[in-house]
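Just so you know, the protein sequences line up as chains A and B, in that order. Position 384 (the first sequence) corresponds to 384 in this note's numbering; numbering is contiguous. Position 39 (the second sequence) corresponds to 1039 in this note's numbering; numbering is contiguous.
Don't read these hints as lab results, they were simulated from the structure. Just so it is clear, the structure is predicted and the values come from calculations on it, not from any experiment. Incorrect hints may appear among the rest.
Subject to a maximum C-alpha distance of 30 Å in a straight line, what follows is the list of computed BS3-like cross-link-like pairs (lysine-lysine) [said to hold, decoys possible]:
(1) A:244 with A:255
(2) B:1061 with A:244
(3) B:1061 with A:255
(4) A:255 with A:2
(5) A:291 with A:255
(6) A:57 with A:2
Here are some, though not all, of the chain B residues that point toward chain A, as calculated from beta-carbon distances under 8 Å [said to hold, decoys possible]:
(7) 1009
(8) 1010
(9) 1012
(10) 1015
(11) 1030
(12) 1038
(13) 1041
(14) 1042
(15) 1045
(16) 1053
(17) 1054
(18) 1056
(19) 1060
Pairwise CB distance ranges, derived in the manner of DEER restraints [what the hints assert, rightly or not]:
(20) B:1013 with A:349: 50 to 58 Å
(21) A:49 with B:1020: 28 to 36 Å
(22) A:137 with B:1047: 34 to 42 Å
(23) A:245 with B:1050: 42 to 50 Å
(24) A:291 with B:1020: 38 to 46 Å
(25) A:282 with B:1047: 34 to 42 Å
(26) B:1020 with A:254: 55 to 63 Å
(27) A:98 with B:1061: 36 to 44 Å
(28) B:1024 with A:453: 56 to 64 Å
(29) B:1061 with A:278: 32 to 40 Å
(30) A:275 with B:1061: 39 to 47 Å
Think of the CB as a built atom: it goes at the ideal place given N, C-alpha and C, for glycine as much as any other residue.
Chain residues, written in single-letter form:
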Amino acid sequence: MKINEMPIRDIQQALRSGQLSAREIALNALNAIERINPQINAWTTVTRQRMLAEADKIDSLRALNQPLPPLAGIPYAVKNLFDVASYTTLAGADLLSTNPPAQRDCFAVEQLQHAGGLLSGMLNMDAYAYGFTTENSHYGTTRNPHDVQRIAGGSSGGSAAAVAAGLVHFSLGTDTNGSIRVPASLCGIFGLKPTFGRLSRSGSHPFVPSLDHIGPFARYVDDLAQVYDALQGRDLHDGFQAEKGNEPASPLLEKGLDGLRCAVLGGYFTTWCDNDARQALATAARALDAKDELLFPHAELSRSAAFIISASEGGNHYLAALRDEPHRFEPHSRERLVAGAMIPAAWYVQAQRFRRHAQQTFSHLFTQADVLIAPATPRSATLIGDQTMEINGQPLPIRASMGMLTQPISFLGLPVVSVPLRTASGLPIGLQLIAAPFNEQACLRAARVLEAQGITDARPVEN
Amino acid sequence: MSNTQSEWSAYLAQMEQLLALELDEERRAELQLQFSRIAMMAEPLMRFPLDPRLEIAGVYKA
């Protein structure tokens, strides 16, 4: 098996037995990135020296027969809104490119370095994380490795494309309204958006603090769970982090569905998608023995409220720069930000109060099921440059609507794993596995069941 | 509850002044389009009856 196709546990074994060195793994990844990245435009910066230095540290531990940390020698990359020491944090924006370099790594990268990961660089995204397509006017469009004429999804498009192309084993993204689950769906890999407040966001560039989450992408559920476990940890500098101890999910993965009840989330979620998404949903529902369909009556209003909170907080965040340096803004989103900055306070507060109401309403569904299944995107990846897609007989703007099925769920702050299936044409399409707050292990176990049955397909694209 | 386009134009012009933003006609037209989309979403949300004691959402408790 090629290094880039090996699960994390196999790499660990190969490192321990001396079959591979961390430097070999790092050089293999760096060479692949150099060869393939020009085709997909996932990386905005490659941190070659740092990666090799991190690899040499792992090899020093091996030379001394010291125990290796859990992600030792594993190549990864992060969305370019995470602080990485000595590099300017871009958040996909030309506007931020003249900022001074970060003084230190963000909390998540510190955790991953401590766990032995090898950072290969930073990844492209929609400017400010405001979009679902990663069509970035300044840093270029990230292309879908499964078909380079198609979008990778966004806003963490580079993070998904990097993993789907098999160039790194995992990556980090953020998800405010769907920015992990949408690109995971379109690029055909696993993505985890944990419970709101579960993982520290310290040292990441904010977009909508009320809704921002961070989370990992990977091609194996076990890899996803191991990275998630490494990211857990209390961070007193993050005022939004929940007071919750670490709850490792990896040891629970092989429990299967034991005690887990699964159901389909219908209504809005099965209306606003195409037949490919419905077919994938039916396949997964059969495999997870999900016979019941449950309804969340406030899905559409939840999306609207998420939209208003996002526009308002995002607009306010960039207001000074919109005033002083409007020419430096991404044209795809500049006036959306201005409109958001002008939203009446009554709308914003109503949206925030409605969020509590919607959380209370949705919590009743968990008395009937532990894991709810819904499509992650209305359809598979559209062509780069397309403006609209027809869903349910209506033309919808792609840039705003590719996340219409993820938006209500992140609004509630629930944990979700996006799992990759394939359409009849071979393009990837993802499903959301949704659980109650802090029940990430349930989503991950259900994802592992689908993976073990061969229902999911996250094979890297042949390069 | 439903506002007309000219009422929104007047509101946006006031906000432009209040927030000291300088827009040209092309940007104003795009702003109007973007704001109209948000206003359409806000309308049913503002009609939704919420319990008077309902607070805004925070982070989940352990």
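Contradicted hints - numbers only: 7, 8, 16, 20, 21, 23, 24
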